[in-house]
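Based on the provided sequences and hints, a complete structural model is requested.
Protein chains: 4
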Amino acid sequence: MQLGIIGLGRMGGNIARRLMLKQHKTVVYDRSEDAVAALVKDGSTGVKDLAGMIAALEAPRAVWVMLPAGEPTEQTVKQLAELMSPGDTIIDGGNSFYKDDIRRAHELQEKNIHYVDVGTSGGVWGLERGYCMMIGGETDVLERLEPLFDTLAPGYGNVERTKGRKVPDQRAERGYIFTGPPGSGHFVKMIHNGIEYGMMQAYAEGFDILKNKSSEALPEDQRFDLDLTDIAEVWRRGSVVSSWLLDLTASALAGDGKLDKYSGAVADSGEGRWTIDAAVEEAVPVPVLAGALFARFRSRQEATFGDKLLSAMRFGFGGHVEVPK
Amino acid sequence: MQLGIIGLGRMGGNIARRLMLKQHKTVVYDRSEDAVAALVKDGSTGVKDLAGMIAALEAPRAVWVMLPAGEPTEQTVKQLAELMSPGDTIIDGGNSFYKDDIRRAHELQEKNIHYVDVGTSGGVWGLERGYCMMIGGETDVLERLEPLFDTLAPGYGNVERTKGRKVPDQRAERGYIFTGPPGSGHFVKMIHNGIEYGMMQAYAEGFDILKNKSSEALPEDQRFDLDLTDIAEVWRRGSVVSSWLLDLTASALAGDGKLDKYSGAVADSGEGRWTIDAAVEEAVPVPVLAGALFARFRSRQEATFGDKLLSAMRFGFGGHVEVPK
Amino acid sequence: MQLGIIGLGRMGGNIARRLMLKQHKTVVYDRSEDAVAALVKDGSTGVKDLAGMIAALEAPRAVWVMLPAGEPTEQTVKQLAELMSPGDTIIDGGNSFYKDDIRRAHELQEKNIHYVDVGTSGGVWGLERGYCMMIGGETDVLERLEPLFDTLAPGYGNVERTKGRKVPDQRAERGYIFTGPPGSGHFVKMIHNGIEYGMMQAYAEGFDILKNKSSEALPEDQRFDLDLTDIAEVWRRGSVVSSWLLDLTASALAGDGKLDKYSGAVADSGEGRWTIDAAVEEAVPVPVLAGALFARFRSRQEATFGDKLLSAMRFGFGGHVEVPK
Amino acid sequence: MQLGIIGLGRMGGNIARRLMLKQHKTVVYDRSEDAVAALVKDGSTGVKDLAGMIAALEAPRAVWVMLPAGEPTEQTVKQLAELMSPGDTIIDGGNSFYKDDIRRAHELQEKNIHYVDVGTSGGVWGLERGYCMMIGGETDVLERLEPLFDTLAPGYGNVERTKGRKVPDQRAERGYIFTGPPGSGHFVKMIHNGIEYGMMQAYAEGFDILKNKSSEALPEDQRFDLDLTDIAEVWRRGSVVSSWLLDLTASALAGDGKLDKYSGAVADSGEGRWTIDAAVEEAVPVPVLAGALFARFRSRQEATFGDKLLSAMRFGFGGHVEVPK
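Protein chains in written order, with this note's numbering: chain A, 148 to 472; chain B, 148 to 472; chain C, 148 to 472; chain D, 148 to 472.
Misleading hints may appear alongside valid ones.
No farther apart than 25 angstroms at their CA atoms in a straight line, the calculated lysine-lysine pairs in the BS3-like style are these [to be verified]:
hint, chain 1, residue 1, chain 2, residue 2
1, C, Lys310, B, Lys405
2, A, Lys310, D, Lys408
3, D, Lys310, A, Lys405
These aren't lab readings, by the way, just hints derived from the structure by calculation.
Written as structure tokens, this is what we have:
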């Protein structure tokens, strides 16, 4: 099949490359000419602007937008919509907020342009491992595009089959699913990231306790000097907490068991935050997902105003002088 | 009545003084001779060691130990027990762990020495406002000592009577209660402090959101530059969140609305920690009390090892470089 | 002064009554004729519809809308705006989401109609105690309406003056503040409620631990059978956790120490949820405020789907059969 | 090698079987004669009591105790110690509290009996997959027993090698580690379980949000009816949250996507609780691990006393009547 791709960063570029491995044709655009040139070298057709892309694609067209969520994606979707013909499809493969997807799909529907949202997991490993995709959109549109999704997905690979699984639709086992109407793909990907935050924080806290078991604040006969590198490694072998995130942890600790090159300021992105908002909207209690997000917020601050207020209150009722930091 | 007092710090000294205001007699000891001298000037009888105290008190003796929890209290209780006679009473007015109280009471029972544990709230304000006391021990022993407790307590004061209250025992309304067997006084005080942590953190978080509403990270038309000093003050007047802790907050913010003199490193003490342990033993979910304790733990660290591990994982799966702190 | 009031429920009716105690004039409307009649009996002028209210008020008019947040308030504001003249003012005294206030103020500005948002705390006690008010709007408009706010507020009362307070503006000490532009009043009130949730949950968890200290799951010599009614009462006297919420707790426990008439399903309202959303927007960690909200979410469910999934996983890896509930 | 095994439940029996697959000799005891008989049929030597076991083993003996933590293990260790000779070794393969290990090792040291604690992960899957083991004890004792551990462990298997790993000791890569002195094995296993709780809860919360996205409490155009079975399956393929726990989740949901056979009452065991206690001792903030434990506590209760108190307070300040459950 033929696919237009806009945005040739780490994700967009590799998506084009993975498609071409299976003989799909790609027409690519990026505001960086170098990025376009690199893909052209790998077999893509490069274009100079969106109009050029529309001209280079056969109708019904499909264009995959792989840009930062928010304004960059919003503007590009708008411009594409003006250039496209009825029956064409815009695929947002980035990390858009699912409510934006719902709105855009409604707006585009009036022009009879289709909107597909793809939650894409796989990061820098996707070219090699394939991309795990959660895809929202109209069913007939998704079915038409299915050869692309099937190529991008990891496929069966060497993942053991799930016991008891009997559903005839085998998409999930090949690494992609059709989740429902527009917005649902990004919604599922958003929750995926929320879970990711929670899992990461669970490991982080556990290793923190292991690390601090050698603390001089503990009685001497209660201290252990534990080898975190080996612990992460052994848990990869038959333990209940084995996971891909643990594999990465083992690898990071194998390089430097003290992680001294990190300062500990951890970024968070829209998905982690929107997950909490969604839980609040649905009245679902999410102490762990929220706790994980708050830990990241806290990690980026030296002190909070709230902490200072605690010290001020303690001084007020007990004359307690603040402890040194 | 006559009471021996060991430990003349901020709490012990003022307890002696408040008792003497109502004509009770105090025999005092502290390892600092100056502390003893200051109390002698205010009317106490000073002694040079525990033996001197035992000699100066009439049987059945009562000695109030007001020392740091742990070894200082433990050693003093042991030494007193060796010097005392059957029928005498040791009162631990400090912040002992309630399981230590239970153990000590058992050990002393063999010598027919009584043990009373008093959870004492009131801090630097106690001399003036009186001490709120939660008292564990054998009922007849507590009743004998009641005149002391009644003097130390705030009394009815100008606190409005609770609607619907009909119990005949008026101790609680005068500011002290008999909570049950030894250990129960400190247990109730421990939970008091656990709640205190939770309330303080609730204010801290709320004011933190108010403060950050002026952040440049927000869209300009969504920012407010709020006057925290006035907000704390107005909430003291008819709002649902009025409290003594809010009074202290208003006072702290009246002095310096930015709290710049605090670095935000907040101490925690045994009670906050033991509260969580007690909840875990009872299988009671305590997200708020635990969250408040963890916020204090976090406040004293620049970065946690866990935070660094999060950054390392993010680099591993997404090539994400850590954000600057 | 003269004020129109729309919505004569528990809050709106008492606001009219408190104003009339100080000789202000009120023109009232409610879709319930009985509600209007009751206020007319107390001295208000009753009207039959919004047009009637506009006719009965002298320009520049001020109308206080005291309706449920969301559609009821939204529609009423819209209808009023169509009837009003330039220079008139709409006061939203309900619990609107502050972003709705910001939007409405912008929309009304085009018609030169002023918008004031009043976060009102005080509940069923307001008629007697006065209302604590956080007020957003244009300064000159608020100053014109100030006699109304001053009457509704609690006034100095017998609340002790805050030490160190030196600001010349004495509004806060009389129980109301001007918080800034439209929306800021409801924003501050929203945070007030968020803090309220946190404080309530701190007490709830503490009393839960006290209650369960008699549990038969504990070793017999570690159990205490504590009198929660007396504990709540004694903490009102000189303890660090004294507050109005504790007064209410003591009153509830005085009536029934087991609280058997409650099933424990706890409602939550917009403010508690929006507080979390605001914290997430500002990247402020709020473990306690969020934990309190989640506890309410959980309280209304018998079991969560998440709980079932935990049981399913435990069966999967350990063959563990679910414990009986 | 030769090993005595006491306790032939799911874990103990399979440990004997896995050892015999590699020609190790096992002497087994259980208070159930049937359990012993079953193992004898598979090749073990059965004995009738501890004295019989001691007689059947050659010195220096090694006996693996695989019993419930607490009294059963404590009593068996004591009885073994009385029967054993200097140089013999007791291995506690159960889930003992690590502080009990430290104490026992000290007590046994006086008799020159060695104590080894093995934290064993693998559950019902261990016979087939091998057991992941974290082992505390004296180094020379552990080295002598190493052939047993090596047989029980999963071995290299088909787990990909960790990039960047360069340590010469290959134990971890074969699925077991020597963690340090007695107690350290169970300590590491305890943290493993703490992390397990956190990860499980992260999935539980995420799937809960997915499930409730079809709730009628949401606006109709914001609802999705998501296929949780397929979502769990697709995340196993190249996503960041893939793990063994997710494999189990996918399997559970493949059988019954609604999990209707579970009521949602989730047990917790010592390790999850001790993890929190350890974190509190070390002053490490663990919001996620604690949140996961509290969710289990809450899952087993219909309503908490705390919830009722919230309702009582809400009635007190706002006249709010409790919502129906």
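Taking the hints in turn, this is what the structure says about them:
{"no.": "1", "hint": "C:Lys310 with B:Lys405", "verdict": "holds (17 angstroms)"}
{"no.": "2", "hint": "A:Lys310 with D:Lys408", "verdict": "holds (18 angstroms)"}
{"no.": "3", "hint": "D:Lys310 with A:Lys405", "verdict": "holds (17 angstroms)"}
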